[in-house]
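Since chain L is already given, all that's left is putting chain V on it; use the hints.
Number of protein chains: 2
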Amino acid sequence: MKNKIVVMASGEGTTFQEIYQACSYGRINAEVVALISDRLDSGAVVKAGKLNVPVIHYSLTKKEIIIRELEKLKPDLIVLAGFLKILPEEFIDNFAGKIVNTHPSLLPCFGGKGMYGINVQHAVLKSGTKVTGCTIHLVDKDVDHGPIIAQETVPVLSTDTPESLQIRVHSVELGLYVDAISTLLKFDHTIVGNRVKFLNQFSL
Amino acid sequence: MKNKIVVMASGEGTTFQEIYQACSYGRINAEVVALISDRLDSGAVVKAGKLNVPVIHYSLTKKEIIIRELEKLKPDLIVLAGFLKILPEEFIDNFAGKIVNTHPSLLPCFGGKGMYGINVQHAVLKSGTKVTGCTIHLVDKDVDHGPIIAQETVPVLSTDTPESLQIRVHSVELGLYVDAISTLLKFDHTIVGNRVKFLNQFSL
Numbered sequence: 001m002k003n004k005i006v007v008m009a010s011g012e013g014t015t016f017q018e019i020y021q022a023c024s025y026g027r028i029n030a031e032v033v034a035l036i037s038d039r040l041d042s043g044a045v046v047k048a049g050k051l052n053v054p055v056i057h058y059s060l061t062k063k064e065i066i067i068r069e070l071e072k073l074k075p076d077l078i079v080l081a082g083f084l085k086i087l088p089e090e091f092i093d094n095f096a097g098k099i100v101n102t103h104p105s106l107l108p109c110f111g112g113k114g115m116y117g118i119n120v121q122h123a124v125l126k127s128g129t130k131v132t133g134c135t136i137h138l139v140d141k142d143v144d145h146g147p148i149i150a151q152e153t154v155p156v157l158s159t160d161t162p163e164s165l166q167i168r169v170h171s172v173e174l175g176l177y178v179d180a181i182s183t184l185l186k187f188d189h190t191i192v193g194n195r196v197k198f199l200n201q202f203s204l
Numbered sequence: 001m002k003n004k005i006v007v008m009a010s011g012e013g014t015t016f017q018e019i020y021q022a023c024s025y026g027r028i029n030a031e032v033v034a035l036i037s038d039r040l041d042s043g044a045v046v047k048a049g050k051l052n053v054p055v056i057h058y059s060l061t062k063k064e065i066i067i068r069e070l071e072k073l074k075p076d077l078i079v080l081a082g083f084l085k086i087l088p089e090e091f092i093d094n095f096a097g098k099i100v101n102t103h104p105s106l107l108p109c110f111g112g113k114g115m116y117g118i119n120v121q122h123a124v125l126k127s128g129t130k131v132t133g134c135t136i137h138l139v140d141k142d143v144d145h146g147p148i149i150a151q152e153t154v155p156v157l158s159t160d161t162p163e164s165l166q167i168r169v170h171s172v173e174l175g176l177y178v179d180a181i182s183t184l185l186k187f188d189h190t191i192v193g194n195r196v197k198f199l200n201q202f203s204l
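Chains L and V supply the protein sequences, listed in that same order. Here the working numbering is used: the first residue of the first sequence is 1, the next is one more, and so on. Here the working numbering is used: the first residue of the second sequence is 1, the next is one more, and so on.
Reference excerpt, derived from the structure (chain V facing chain L, CB under 8 Å, subset only):
id, residue
1, Thr129
2, Gln151
3, Thr153
Calculated from the structure, these hints are not laboratory results. Remember, it's a predicted structure, so these values are computed and weren't measured experimentally. Backbone N, C-alpha and C define an ideal beta-carbon position, used for all residues, glycine too.
Okay, chain L solo, but in the shape it has when bound (with noise of 0.2 Å):
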């Protein structure tokens, strides 16, 4: 049976395209039942429209009517594509181990408050690190800090700019999503150590 995503995005909606499309090919064996968006002028919800996927408008005072519509669809995975909000506590309880994050750099570092979009790689550059990356993690109740389940790393050239070094990192870090969801939904997982330990010994 497949399984049924529910994807949250903000922005131009790249990465739900993305997750959508390896949803069709059936890289993941899974159906994107829903996308949700803050702003309902965003490419995301646009691509949804041309795509047939509901669009559910989020906004902090529609907070119990989205958690009961979620729990009508049952998702088996929340996918946070570019999703800017910070979620409540009580949205993050409703479907703990059930939200997957990603992150443009190796978590813990530069992550936290502000460390989104192209601040991060301002703050890699900055530092004058060689080595950066993006990390998929599940979502926690602290920003940028749950369960890391698959990292991988991007090199930071001396010839970068934040917008190059932000490109390079999203295009590796769409192919990890897509891999990290897709094992996410094919195999049983615990939690070890702030890490998503796969039980059939497959590691990301």
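Just chain V now, with coordinates in the frame of chain L:
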């Protein structure tokens, strides 16, 4: 002509010995002209005795004497090799751009106050990160902050203990440190965006 290196160490002297040997074998084009240690009972001091390397005792009360001694020796590079005391500003000013250090993580992550020795590896394992490494950098006034010369990654295994991780990082670190010292002495360099840039375009 051979360069002159002064090594500073507080502990067992593994790194001191590795650098001494790399100089003997010609991997580093230099001679170790002195070991500075804050602990006269340390393994490093014992090793220096056996190798006939003069030892200078470091203590804050003798700060001026040490600086004067060093100004006489005119070292091309001062190599911190597990030296646990924080250097006073006056010392760093006197040898600006000539003090090099190694740190057993991918700085800026897992650096700063309290982050030395096994503490670093405890923090790395607690974070759940799958990638760590080591960093060779020039010393400036902020702890674990100066311009980065070289970094290398080391995977964090799910079976790692702080001790096993420390051993694996250290073995990578030794080779990288020797390469970085050799390159620093061989090629002109400048500092661009908190990185050491070698002017012949060679990049570590």
